[in-house]
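In case you want the letters, here they are:
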Amino acid sequence: MTPPDAPSTAPRTWKKPPFIANPLLRYGLILVAVVYLVWAFGSLPFNWARISEGLPRAARIFSGGFPPNLERYELLITGFKESFQIAILATLMGVLLSIPFAVMAARNIAPMPIYVIGRAVIIVSRSFHPVIVAILFVAAVGFGPLAGILTLTLYSIGFVGKLLAEEIEEINWGQVEAMKAAGAGYVAILFYAVFPQILPRQVGLSMYQLDSNLRASAVVGIVGAGGIGGTLMNAFGRYDYDFAFAILLIIIAVILLSEGVSGWVRKKIW
Amino acid sequence: MLEITNLVKRYGHDEAVLKGLDLKVEGNSVVSIVGASGAGKSTMLRCINRLVEPTSGSIKLNGNELVNLKGAELRRARRKIGMVFQGFNLLDRLTVMENVLAGRLGYVNLYQAISRRYPQADIERAFVLMERVGIAHYANKRADELSGGERQRVGVVRALMQEPDVLLADEPTASLDPRTSEQIMILLQSLASELSLPVLINIHNVAQAKTYTERIVGLRHGKMIFDGLPADFNKDALDAIYGGIEAPDDAITDTPVEERSHDSA
Numbered sequence: 001m002t003p004p005d006a007p008s009t010a011p012r013t014w015k016k017p018p019f020i021a022n023p024l025l026r027y028g029l030i031l032v033a034v035v036y037l038v039w040a041f042g043s044l045p046f047n048w049a050r051i052s053e054g055l056p057r058a059a060r061i062f063s064g065g066f067p068p069n070l071e072r073y074e075l076l077i078t079g080f081k082e083s084f085q086i087a088i089l090a091t092l093m094g095v096l097l098s099i100p101f102a103v104m105a106a107r108n109i110a111p112m113p114i115y116v117i118g119r120a121v122i123i124v125s126r127s128f129h130p131v132i133v134a135i136l137f138v139a140a141v142g143f144g145p146l147a148g149i150l151t152l153t154l155y156s157i158g159f160v161g162k163l164l165a166e167e168i169e170e171i172n173w174g175q176v177e178a179m180k181a182a183g184a185g186y187v188a189i190l191f192y193a194v195f196p197q198i199l200p201r202q203v204g205l206s207m208y209q210l211d212s213n214l215r216a217s218a219v220v221g222i223v224g225a226g227g228i229g230g231t232l233m234n235a236f237g238r239y240d241y242d243f244a245f246a247i248l249l250i251i252i253a254v255i256l257l258s259e260g261v262s263g264w265v266r267k268k269i270w
Numbered sequence: 001m002l003e004i005t006n007l008v009k010r011y012g013h014d015e016a017v018l019k020g021l022d023l024k025v026e027g028n029s030v031v032s033i034v035g036a037s038g039a040g041k042s043t044m045l046r047c048i049n050r051l052v053e054p055t056s057g058s059i060k061l062n063g064n065e066l067v068n069l070k071g072a073e074l075r076r077a078r079r080k081i082g083m084v085f086q087g088f089n090l091l092d093r094l095t096v097m098e099n100v101l102a103g104r105l106g107y108v109n110l111y112q113a114i115s116r117r118y119p120q121a122d123i124e125r126a127f128v129l130m131e132r133v134g135i136a137h138y139a140n141k142r143a144d145e146l147s148g149g150e151r152q153r154v155g156v157v158r159a160l161m162q163e164p165d166v167l168l169a170d171e172p173t174a175s176l177d178p179r180t181s182e183q184i185m186i187l188l189q190s191l192a193s194e195l196s197l198p199v200l201i202n203i204h205n206v207a208q209a210k211t212y213t214e215r216i217v218g219l220r221h222g223k224m225i226f227d228g229l230p231a232d233f234n235k236d237a238l239d240a241i242y243g244g245i246e247a248p249d250d251a252i253t254d255t256p257v258e259e260r261s262h263d264s265a
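From first to last, the protein sequence lines stand for chains E and G.
Following the numbering used here from start to finish, the first sequence increments by one per residue and tops out at 270.
Following the numbering used here from start to finish, the second sequence increments by one per residue and tops out at 265.
The set of hints was computed from the structure by calculation and includes no laboratory data.
Be a bit skeptical, because a hint or two may be false.
[Said to hold, decoys possible] Heads up, incomplete: computed chain G residues facing chain E, CB under 10 Å, no partners named:
#1 Arg93
#2 Ile114
#3 Arg158
#4 Ile186
[To be verified] Pairs of lysine-lysine residues, derived as BS3-like cross-links and limited to a Cα-Cα distance of at most 25 Å, are as follows:
#5 Lys19/G / Lys223/G
#6 Lys162/E / Lys267/E
#7 Lys268/E / Lys223/G
#8 Lys24/G / Lys60/G
#9 Lys19/G / Lys60/G
#10 Lys141/G / Lys267/E
[What the hints assert, rightly or not] A few chain E positions that, by computed beta-carbon distances, are all more than 12 Å from chain G:
#11 Ser63
#12 Gly64
#13 Glu166
Because the structure is a prediction, the values reported are computed rather than measured.
Glycine is no exception: its CB is placed at the ideal position from the N, C-alpha and C atoms.
Next comes chain E alone, as it looks inside the complex (with noise of 0.2 Å):
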């Protein structure tokens, strides 16, 4: 046994462990990725002299957009207050139908098969991106803010039942527990012991909704589901490209701005 402050004859040094040991599965990966990259690279067909073509047809677009032109201020404004409202509502009935599924599929408080549900109707509303549930009810219901409605309403429950649902499953059961022994029944203690413990989260969860359905919202209308995103396809599809690039100013201090509220707001309710 050496004593731990004996003077040792070389210096002494340290080098951060690799994060994979095994130096044979270390090389190997990196060549691999780097096999992949040339070949992935080698194989897709790109057609450099279209690319070439398209460069000038790019700075064209963007010439054309500038400076940004806001004399339809009037269509801006109809999308905007479209988007607004499919948004407000979207995000409104999302989120007062994400509060039963969670509850539904939360392990801690749901009974098996209802568990299964819940969780079966989270995984499903969570499975395809806006646009594609956007095209589906485009195709039901028509063109128009209903849809766009409708689409983010799924969206929302999918995203909040989901986030809701793990947060009743870490609630302090100790509350639930002296529910209990006081005689409440099943919803009294749900009103009294669990959605006071995740109303912050709920809240917070709900702005955030807010601002991803006001984004989603300007997606879900390029495929005629109302909303901003109709005016920006057409202004586009119009070549209008000085409006369209107004508008996308516009949409981006929108979410600024909805970002900025919802982040005060989450940080004022907890």
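Fit chain G to the known structure of chain E by using the hints.
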């Protein structure tokens, strides 16, 4: 009167936690239950209000069998059994008054519960009890803003709101500082006689058990090995209940620290 006969509780296929327990508590006596961690104190208390399902045996409160109750009948039985918890288990984000009124949830209907429209008599009772323990001025404060002692008072008042026939206290003072825990013990003791209510207290602090209760029950490995007056609870009884606990503690402190650091060099 609370009467437990041959109570057995086994979790899964493990060794039973409670091995045929018999206990009878009458009148307004304050009984403390002592025992090492894992002796089954908490399990026994929780079997009484069925937060834990007993494996077999019988528990009767004023002649009514509790073990086979289900659904609404179980809820009706539970409201006659008040419980105070070690971690208080208050509804942290709700007001003190809401916490106290939650003790009436077994009596009011769902609309009254959700809209907080409790009967006048309940509100009156809440104020009387809160004044009795000195927390009435906190009625509209959030429960998590109170200190530990105040929070446990809320817990006690909530349990008493149930108009219970028996009060269970699962280590009610273990999360409190020594002074505050004495105050809570005095409070439980005097409330028991004021409301002529039998009280069962799980407790680790043997000195407090001897001072503030009139009967001590000692558990070890799921069996009752002491049942008597605090005056009879002597060193032998203490050793029998906690026996073999001190020895490992001593062994750890005896190990010289220097030797261990040399081994790793």
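How the hints compare with the structure:
{"no.": "1", "hint": "Arg93", "verdict": "holds (4 Å)"}
{"no.": "2", "hint": "Ile114", "verdict": "holds (5 Å)"}
{"no.": "3", "hint": "Arg158", "verdict": "holds (7 Å)"}
{"no.": "4", "hint": "Ile186", "verdict": "violated (23 Å)"}
{"no.": "5", "hint": "Lys19/G / Lys223/G", "verdict": "holds (6 Å)"}
{"no.": "6", "hint": "Lys162/E / Lys267/E", "verdict": "holds (22 Å)"}
{"no.": "7", "hint": "Lys268/E / Lys223/G", "verdict": "violated (53 Å)"}
{"no.": "8", "hint": "Lys24/G / Lys60/G", "verdict": "holds (9 Å)"}
{"no.": "9", "hint": "Lys19/G / Lys60/G", "verdict": "holds (18 Å)"}
{"no.": "10", "hint": "Lys141/G / Lys267/E", "verdict": "holds (21 Å)"}
{"no.": "11", "hint": "Ser63", "verdict": "holds (56 Å)"}
{"no.": "12", "hint": "Gly64", "verdict": "holds (55 Å)"}
{"no.": "13", "hint": "Glu166", "verdict": "holds (19 Å)"}
Of the hints listed earlier, those the structure fails to meet are numbers 4, 7, in rising order.
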